[in-house]
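A.B. asks: Sequences are here, hints too, so could you generate the full structure?
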Amino acid sequence: MSDVARDGEALQGAELEARLHRTWSRAPGLWGWLTTVDHKDIGRRYIYTAMTLLILGGALAAAMRLQLATPESGLISAARYNQIFTMHGTTMMFLFAVPVMEAVAIYIIPLMVGTRNIAFPRLNAFSYWTYLFGALLLWVAFALNVGPDAGWFMYVPLSGPEFTPGKRTDIWAQMITFTEVAAIAVAVELIVTILKFRAPGMTIARMPLYVWSILVTSIMVVLSLPAVALASGMLLADRLIGTQFYNPFEHGDALLWQHLFWFFAHPEVYIIFLPAMGFVSQIVETFTQRPVFAYAALVLATVAIGLLSFGVWVHHMFATGLPRLGYDFYTAASMAVAVPSAIQIFCWIATMWLGRPRFAVPLLYVVAFIVTFVIGGLTGVMVASVPLDLQLHDSYFVVAHLHYVLIGGGVFPLLGALTYWFPKLTGRLLSEGLGKAAFWCVFLGFNAAFFPMHITGMLGMPRRVYTYPTGMGWDALNMMSSLMTGVIVIGGILFVTNVVLALRRPPDAGPNPWNAPGLEWAADSPPAPYNFEHIPVVSSHTPLWEEGPLNVMTGLRVDDREQVVTTAIEAQPDIRYPSPEPTLWPLLSAVALAALFIGSIFTPWAVVIGAVPLAVGFTVWFWPKNAPDGEPVIE
Amino acid sequence: MSAPVRFVGDLAHLPTHAFGPRSITWWGILGFMVVEGMVFALAIAAYFFIMDKEQSWPPIPISPPDLRAGTLFTVLILLTELPNRVIKNAAERYDISTVRFGLVLMSIITLPLLVLRGFEFASLGVYWTDNAYGSVIWMLLFLHATHLLTDYGDTLVLTVLMFTVHGKESNRFVDVSENSLYWRFVWLSWLPIYVLLYWIPRWLP
Ligand code: HEM
Ligand SMILES: [Cu+2]
Chain A
106 MSDVARDGEA LQGAELEARL HRTWSRAPGL WGWLTTVDHK DIGRRYIYTA MTLLILGGAL
166 AAAMRLQLAT PESGLISAAR YNQIFTMHGT TMMFLFAVPV MEAVAIYIIP LMVGTRNIAF
226 PRLNAFSYWT YLFGALLLWV AFALNVGPDA GWFMYVPLSG PEFTPGKRTD IWAQMITFTE
286 VAAIAVAVEL IVTILKFRAP GMTIARMPLY VWSILVTSIM VVLSLPAVAL ASGMLLADRL
346 IGTQFYNPFE HGDALLWQHL FWFFAHPEVY IIFLPAMGFV SQIVETFTQR PVFAYAALVL
406 ATVAIGLLSF GVWVHHMFAT GLPRLGYDFY TAASMAVAVP SAIQIFCWIA TMWLGRPRFA
466 VPLLYVVAFI VTFVIGGLTG VMVASVPLDL QLHDSYFVVA HLHYVLIGGG VFPLLGALTY
526 WFPKLTGRLL SEGLGKAAFW CVFLGFNAAF FPMHITGMLG MPRRVYTYPT GMGWDALNMM
586 SSLMTGVIVI GGILFVTNVV LALRRPPDAG PNPWNAPGLE WAADSPPAPY NFEHIPVVSS
646 HTPLWEEGPL NVMTGLRVDD REQVVTTAIE AQPDIRYPSP EPTLWPLLSA VALAALFIGS
706 IFTPWAVVIG AVPLAVGFTV WFWPKNAPDG EPVIE
Chain B
850 MSAPVRFVGD LAHLPTHAFG PRSITWWGIL GFMVVEGMVF ALAIAAYFFI MDKEQSWPPI
910 PISPPDLRAG TLFTVLILLT ELPNRVIKNA AERYDISTVR FGLVLMSIIT LPLLVLRGFE
970 FASLGVYWTD NAYGSVIWML LFLHATHLLT DYGDTLVLTV LMFTVHGKES NRFVDVSENS
1030 LYWRFVWLSW LPIYVLLYWI PRWLP
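Chains as they are written, first to last, in the numbering used here: chain A, 106 to 740; chain B, 850 to 1054.
Only true hints are included.
Examples of chain A residues toward chain B, derived with CB under 10 Å: (1) Val297; (2) Phe302; (3) Ala627.
Honestly, the hints are just simulated from the structure, not real lab data.
Quantities reported herein were computed from a predicted structural model and do not represent experimental measurements.
Built from N, CA and C at the ideal position, the CB exists for glycine as well.
C.D. replies: The structure is reproduced here in structure tokens:
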């Protein structure tokens, strides 16, 4: 055992780097691209894919606004409009918002906790391919004019076999299965990475706030996403093999769908929103150059939001008729979520107040988030009260509210975080000037486009209508919303231009361009395949702001992919863990899974037949490849 | 990472594997069990939701499923915990011959379970297409059957693996131990479903 090469006094610097490169680099060329299990490769492609879907979903939004700009417009037919708003909502919620939040975490979390790869890296690769196939299924179907058209929450009986024959809904339901499998897999990886791969010394009470928010989010994913997978599985069964879950004529119940769906979809909003809170905490810390105010309160607030969000799904169903006490309970619980949210906002403002804020682009997005989110939160508290909800339900007021929360609470912090971590992703800084121009277009355009929708809604304009008669007092407001959507689009184009221009410059950002405190900034920009030459040791939640050189531990093998496993609470070093090698089998297994899922839209036998290649794929995937090599073997 | 560093400790002496919560495999299995446990819990909630809308359970004129196959299945699957426990303990002692023997035994005694599961489907007394009651009890039984099948597949692969050279790697003993943990989940999750399928319809008016 002593003749194995390990890092240490005798092996460091250039020699160590060269040997670690040999061990951790992916194979060259296409083969390497297809087989990689590096969390940075997978995370980056997850981010690019999710952002592409944001652009596609945004294009559909622009199409809708074009149609709605003038009354009685004939640009888009009613049937096509149904498909477009369904595709927009579905793409944004299932293919953009949740995946992009997980994507950033896949890239950043292993770096931030000071380890060399994510837990279960092959599952991570598998998850990406599964997600990609789900996205392709939906968008290819849309291109072939068989896209779903019953709204992003697919209420039965409208989406059931009597009212929506054909394959549209089945495609939607299987897209759900793909994305839920992918998202749950990533959540498990992230939980295990956070609990077991933290750098020695990073006790649970020293985890950066972003790590906390991803831990809570991932637990929420694990608990809530099975609900929508089950619900859509039952919907498929009703449609394909004649089960009666949602059919009232055979004693099924349409409300069963709504309960299962919102048991998932309300937490989903927080699954989007909590990682965004994590971004905000990191950005505020770095751009005020001081540890965030009241760390413990922020942690507790994050956990409290996670817990509360499971108690309130029924507030989406006030219009369905519920027991009296139910109304009161769910209203109170919904409003209770406002308390921890307010605590968080207070802590961030206090941090800015006490520090020396530098209003670079990431911090601007944080300010935009705070302003927008407070408005969205207020309208949320409004619709949480039953009498108001019964009035505003299904009007444009709700469209305004949900975009204030999702764009203000999700997309703004995301754009801030992408700007903030861009050097870590690519080795380059984005231009401040272009970044600011994009920021103001997005922020002002957004408010100018969506604020009027509150009023359009109160004036009675229902959502999900492909056109409206003139003379209702809605014309000017709609025109305003549509024109200002153009400003958002310009902002988006500026953002993308900024990225493209930056990528054409040579990488020159340096490891820590913002003087940020997190461990991810101790690695190169972009990081080497092994992330860290030596395993860092930390003694606070802002390790890079400690005095003196970075503390590290040595002794991991350099000729084999090794990671250190630490104890879950105290982060004491415990095990040297052999990290899996690259392989094609996750991709092949995902192909087999895709064949099974897509086949099952057409015949239930696909499940039986498709199980065979899938089982083969998984078996080869898990079969150990190398002969046992020196590490403990039992005699 | 060219910044200066200070060496404060060495990891070379750490072991390369451990059992239970110290091992990464254990956490992975735990993750699966929580996800699948959630699916079962929600499916059970759906059962009660549908039951709540009915005048009688099972709805007239359907009679409750025949008890024989399901009860025999339950007794047998509870008995499998004995060899399962022996395998788990043997794995944690690196006792490869007992592990091999136990895995072969498990692979064999799961077969009658699969046959009994077939009889269970046949004795439900209702089709999934008949009404929501039929749909939900078929779903519960089907969900559990998929777990039974996947774990059976796992066990077969693991059995073969333990007879190859890889069987002597210490991390394979961790795999065996955690596979036994998963089997516990399979039989534990069966118990509530057994009650729901066979007994609730008998206890209710
Ligand atoms: C450029 C920005 C955006 C614009 C202009 C926009 C526009 C719209 C419009 C006009 C509708 C209403 C369709 C109707 O009721 O007829 C809508 C619905 C919706 N949007 Fe957006 N949207 C944008 C971005 C987003 C983002 C980023 C998300 C999520 C993260 C999102 C999620 C949704 C959802 C869930 C619906 C409901 C779909 C349904 O009714 O089934 N939107 N959007
Ligand atoms: Cu909600």
